[in-house]
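Use the sequences and the hints to build the structure in full.
Protein chains in written order, with my numbering: chain S, 1 to 276; chain F, 277 to 553.
Treat the hints as calculated values from the structure; they're not laboratory data. Hints may contain errors.
With a straight-line cut-off of 27 Å between C-alpha atoms, the simulated DSS-like cross-links for lysine-lysine are [what the hints assert, rightly or not]:
hint, chain 1, residue 1, chain 2, residue 2
1, S, K124, S, K107
2, F, K456, S, K135
3, S, K107, F, K300
4, S, K148, S, K135
5, F, K456, S, K126
6, F, K456, S, K148
7, S, K124, S, K135
8, S, K107, S, K188
9, S, K127, F, K456
10, S, K107, S, K148
11, S, K107, S, K135
12, S, K127, S, K148
13, S, K148, S, K126
14, S, K149, F, K456
15, S, K129, F, K326
16, F, K456, S, K124
17, F, K456, S, K85
18, S, K126, S, K85
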Amino acid sequence: MQTLINEDFTPQTLQPDPFLVVDNLSKVYPTKSGDYTVLDQVNLTVSEGEFVCVIGHSGCGKSTLLDMVSGFRQPSSGEVRLQGKQITQPGPDRMVVFQNYSLLPWKTAFENVYLAVNSVYPDKPKKDKEDIVHKHLAMVGLEEAANKKPGQLSGGMKQRVSIARALAIYPQVLILDEPFGALDAITKEELQEELLQIWTEHRVTVLMITHDIDEALFLADRVVMMTNGPAAKIGEILDIPFPRPRIRTQIMEDPHYYTLRNQALDFLFSRFATHD
Amino acid sequence: MTIHPSLRPASSSAFVETIQKHAKLLIPPIVCTAVLLTVWQLLCLAPDTKMPGPIRVLQQTYELILNPFYDDGGTSKGLGWQIWISLQRVMIGYSLAAIVGIALGVLIGMSQFMRRGLDPMIQVLRTVPPLAWLPLALGIFQSSDPAALFVIFITAIWPIVINTALGVQQIPQDYNNVAKVLRLSGREYFFNILVPSTVPYVFGGLRIGIGLAWLAIVAAEMLKAEGGIGFFIWDAYNAGNENSMSEIIIAVLYVGLVGLALDRLVSYLGSLIVSEN
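Okay, structure coming up:
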């Protein structure tokens with residue numbers, strides 16, 4: 001299955017190191033009552049252009065895992081490599097779409113995106129930078145709101161600006177930490193479809209945390225399911241074989257959808273149910 | 277009587293409503309002030325009292341009130357001029373306090389070493405009252421004018437330092453994360469994130485600061501100052517004639533009114549800038 005899905009994205013010649021490697025990654029926090037292991041020897045490889053969703057119960061270390069890919073946290077042992085280079089700090093090659101948007105409230109949508117473009121491509125002519133900003137705001141359907149400040153935008157629009165900001169700097173990896181968690185169901189579905197569209201056009205590698213099994217099945221090439229913490233590991237990886245471009249209604253009619261969905265539900269709520 | 281039967285009651289009731297609305301806000305302070313003035317007047321009816329009642333105050337000072345901008349040369353000036361002289365002092369001392377205070381606050385907010393190093397000193401110095409600084413300032417500067425400026429400066433600076441430092445520390449982690457992932461340069465970070473997210477805190481400090489700066493004016497002008505409302509008060513006291521108490525009361529009232537106006541002015545300026553965000 002897996003080779004079939006990732007055929008398009010697998011490089012023609014075999015490289016010694018895959019695009020993104022999470023290599024024996026552990027995160028341990030020292031506490032007064034001894035060490036607290038959040039992640040225990042996690043291994044994962046991601047191909048270029050792949051869409052990977054990470055799913056698991058709260059506190060299983062999903063965010064910690066992605067924080068070590070984005071570079072906001074340092075692993076206790078093991079390492080993350082992007083194109084063979086060890087990740088030691090945050091950088092624009094691994095842009096993050098934060099759960100709470102993290103837009104600067106004193107800047108308009110345009111200025112928020114422009115700040116990112118300007119800091120990553122300081123040497124480009126101003127006109128080019130402005131064109132990039134306009135293009136990406138148009139891509140998320142926010143051209144008309146370019147001069148509005150975040151306070152005047154709805155949650156969905158804010159997250160669109162945040163996605164536009166992330167993609168406008170052409171990152172190699174796009175990291176999304178529960179990007180649609182705070183949105184209503186309809187806005188959420190719209191944004192999922194837009195994200196897929198953009199991902200197809202940009203050919204960016206996506207790592208996304210979600211709580212929502214349906215969201216993961218609709219979006220991802222692979223769904224990484226984490227065991228419960230402490231000392232969480234990757235429990236199981238589901239390959240999602242639906243052809244692209246995906247249409248929600250078609251996927252939901254696919255009998256295989258429910259097999260996968262039940263598999264994920266079984267993993268999360270039977271084998272690794274939270275006991276509280 | 278048949279013309280516009282529907283308009284008449286509507287407009288008149290709207291008028292009545294506005295009156296009622298303002299009356300709700302205006303009547304309580306008017307009543308309370310009247311009661312207080314009456315009590316004051318009654319208390320001062322005793323024949324041997326040194327304290328003039330409100331009517332006597334007005335009788336003795338209406339010339340001062342009506343001619344705020346007379347100038348007989350030297351320090352014999354109208355209350356308007358005296359306030360103007362004090363305001364200039366406060367503005368110089370306060371501006372210095374704002375510049376130094378904000379700079380120091382940013383430094384303390386950004387550097388843990390400076391925060392730990394300076395915090396004990398700030399906590400002690402900020403509780404020193406303006407009057408305690410005055411002899412020190414006179415000793416250092418050997419002249420009353422710079423000493424007055426120093427007293428205003430040193431009184432106003434602490435809330436500005438403390439609030440600015442707090443504002444810098446309170447920059448939301450989200451914004452710092454954005455700065456990290458974009459690898460914003462120091463300059464970009466300063467102008468795009470640090471300044472705008474700290475501005476509301478800075479204005480909070482500036483507002484407390486202007487209040488304190490004005491509070492310090494009477495102490496700052498206590499000795500040998502060349503005019504000013506604080507000087508006027510001490511001068512009237514030292515003159516010790518029959519009008520003195522009334523003049524002091526009117527000047528103290530003016531100090532209060534100007535202080536209120538300054539507070540409102542800074543908070544208005546702050547709201548202009550903060551609402552921009």
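What hint numbers does the structure not satisfy?
3, 15 and 18
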